[in-house]
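Colleague: The listed protein sequences correspond, in order, to chains A and B.
So the first sequence is numbered by the numbering used here: it starts at 83 and just counts up by one.
So the second sequence is numbered by the numbering used here: it starts at 12 and just counts up by one.
Don't read these hints as lab results, they were simulated from the structure.
A hint or two may mislead.
[What the hints assert, rightly or not] Only part of the chain B face toward chain A is listed, based on derived beta-carbon distances under 8 Å:
| hint | residue |
| --- | --- |
| 1 | 120 |
| 2 | 122 |
| 3 | 123 |
| 4 | 156 |
| 5 | 161 |
| 6 | 286 |
| 7 | 293 |
| 8 | 300 |
| 9 | 345 |
All values derive from a computational prediction rather than experimental measurement.
Cβ atoms here follow ideal geometry from the backbone N, Cα and C, with glycine treated the same way.
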Amino acid sequence: MQKPGGQLTMLLVINSALLVAGALISGGSFLSVFNLQSMASQVPEIGLLAIGVMLAMCAGNGGIDLSGIALANLSGVLSAVIVSSFLSTADSGTAFSLAFIAGALVIGLAGGVINGLLISRLNITPILCTLGTQMAFMGLAVVVSGGKAVMVGSPALLSGIGNDMIAEVPISFLIFVLAASVVAALVKFTPFGLWLMLMGTNPKAAVYAGFPKNGVIVATYAMSGVLSGIAGIIVAARNVNVKFDYGSSYLLIAILIAVMAGVKPEGGYGRVVCVVLSAIALQLMSSLLNFSGLSNFVRDFAWGALLLTFLAIGRYDIAGFLSPDRRSQNPSVPVPQAPK
Amino acid sequence: MNASRTDELDSAAGPTRSFNFGDLVRRRPETITLLLLVAICTSVAIANPAFLQPSTLIDIGRASVVMGLFALGVFIILAAGGIDVSFTAIAAFAMYSMTVLVQNYLPNLPIAAVIVMATLGGAALGIVNGLLVHHLKVPSLIVTIGTQYLFRGFLLSFIGTVWIMSLPPQMGAFGRMPLFQIEADNGALITLPFYFLVLPVAAGLTWWILNRTLMGRAIFAVGGNADIASRLGYSLRTVHVFLFGYAGALAGLAGIIHVCANRQANPFDLVGTEINVIAAVVLGGARITGGTGTVLGTILGVLLIVVINSVLVMVGIPSTWQRLVVGSFILLAAAFFVTRQRRK
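Build the full structure now, drawing on both the sequences and the hints.
Modeller: So, in structure tokens, the structure goes:
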């Protein structure tokens with residue numbers, strides 16, 4: 083069932099092509115260390131959410147996680163409100179940072195577990211469930227913050243996560259890569275990963291094979307929730323403030339990244355490394371368009387066109403035509419109108 | 012002819028669980044929505060009698076037109092087992108490009124032609140959706156995310172980003188045209204605008220299509236089980252193109268009404284409200300996996316959302332709670348529908 087690295091090769095080619103194009107257009111300044119750093123620090127938030135979407139999609143049965151960005155904002159907002167009620171940024175910066183990070187992770191985990199329980203125990207369709215929790219999470223963030231931005235401040239540790247570099251690489255990007263590697267390892271080397279993919283391929287067979295179906299679903303959405311929590315921390319670290327409606331376009335972009343990465347919306351296949359590369363490609367493209375002086379709206383237009391192109395590539399196996407040796411191994415199974 | 016069609020439908024629906032239980036309790040989902048709506052209205056009216064003033068009711072009616080048109084489009088797609096998030100982009104596209112067109116090139120175009128052209132434009136964009144959904148064979152959620160970006164990006168990069176504050180006169184006049192007027196206690200004149208009529212007409216048309224035409228049968232059959240429907244000879248392509256085209260047409264219509272009602276054309280409007288609309292349709296009892304739902308339920312769902320959004324403040328609940336309340340309602344409704352399904 084493992085698809086060979088056609089998608090991976092293609093994403094690598096696209097990334098390199100974008101870098102070369104950027105260098106040509108900007109006369110080299112696109113590849114300057116500063117620009118690369120600034121691009122790298124913009125990828126993590128959306129990349130983490132996209133990995134969450136990937137996991138949910140892999141679980142199959144119409145799995146999708148629409149609550150990612152809402153949960154990320156909720157983690158940031160709620161954690162900031164709770165922690166600042168007994169700690170102040172000024173007096174104890176490190177304690178505040180640690181408590182904030184722990185809080186955000188726990189809230190992300192809790193939100194993900196709620197999603198997972200609602201989907202597995204109550205059998206609510208994932209899209210409907212995460213639509214509801216998306217509103218509920220966002221609503222809760224509005225309620226606890228009164229609809230205003232919540233000040234997190236910039237204690238040393240947090241602002242370090244948001245702005246500092248280790249060996250010229252932004253820390254937030256390293257966190258992103260680390261989180262992605264952990265998820266990738268979990269998916270690739272543990273029984274959980276195998277269950278997840280097989281369940282996505284054929285849920286009914288998975289049940290008869292005795293997989294712990296509910297456990298796998300809860301674990302999947304819990305992981306997605308934790309990733310949202312990490313995204314919430316990075317958002318807070320980069321922006322000093324957290325607000326309930328931050329990144330409202332991320333909901334759709336995260337899905338876009340996952341689909342561009344070749345994750346099958348009907349379940350059963352997805353690779354973390356492809357999601358990472360596709361998030362980077364999207365960032366490169368959007369910076370490139372900025373460099374060439376085009377507006378953000380052209381970028382939106384290009385993203386839409388890109389997503390549809392990728393869908394067409396997946397559908398008609400154009401990647402297979404380009405590399406003939408892989409052609410037979412990647413049949414595009416016609417999926418008759420998955421219930422979505 | 013009629014009998015054979017019914018047989019065909021029964022065999023299409025028989026093997027799927029969704030249709031059987033739909034037959035059993037077809038009328039129940041929107042009853043719950045209605046009860047919820049009545050309960051909310053009653054408690055609000057008790058807590059704050061100002062709610063029952065004609066001005067509040069007319070406000071609610073006015074606020075539900077655009078959302079109601081969107082919801083009808085989403086509902087008909089949902090009934091066939093798909094989902095659409097690009098309708099707001101279609102509406103924004105239709106309304107803004109139409110306004111620009113009228114203002115700059117066709118200043119004397121009668122309002123009827125404006126409305127028809129916006130509707131047709133919306134239908135054309137919808138048909139693009141339908142063809143993509145059919146030929147790419149991926150969940151329509153993902154296709155329409157792509158087209159949402161495509162349409163909106165095209166609108167903002169190539170047509171314009173300027174907020175048009177002064178509409179062409181015929182459009183402004185249409186927005187003000189009264190259906191009837193009431194004098195309030197304080198002497199202010201309250202108007203139910205003429206464009207309100209569009210919603211009942213569109214709802215009636217949608218009901219007719221779904222319940223009185225072969226296309227309606229095909230839509231529910233495809234929503235019940237697309238595979239079986241296609242083996243029975245329904246053309247999935249025709250159904251998809253019709254569905255998305257119809258939803259696009261409703262979105263274009265909603266867009267132009269939105270402009271006339273607000274007396275300004277903001278290209279950044281509307282996009283971002285799609286989740287609310289889908290929530291309304293789901294609260295109205297349409298299952299997100301397709302095959303069920305009624306027009307009446309959809310309208311009730313829209314009223315529920317509009318009422319929640321506009322009256323929470325009147326009973327002293329801060330407006331910050333709106334989203335949490337709506338989100339909880341969705342989860343409750345979803346859980347309720349699922350348990351009902353299990354009981355069967």
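Colleague: Checking each numbered hint in turn, tell me which of them this model violates, lowest number first.
Modeller: Those not satisfied are hints 1, 2 and 3.
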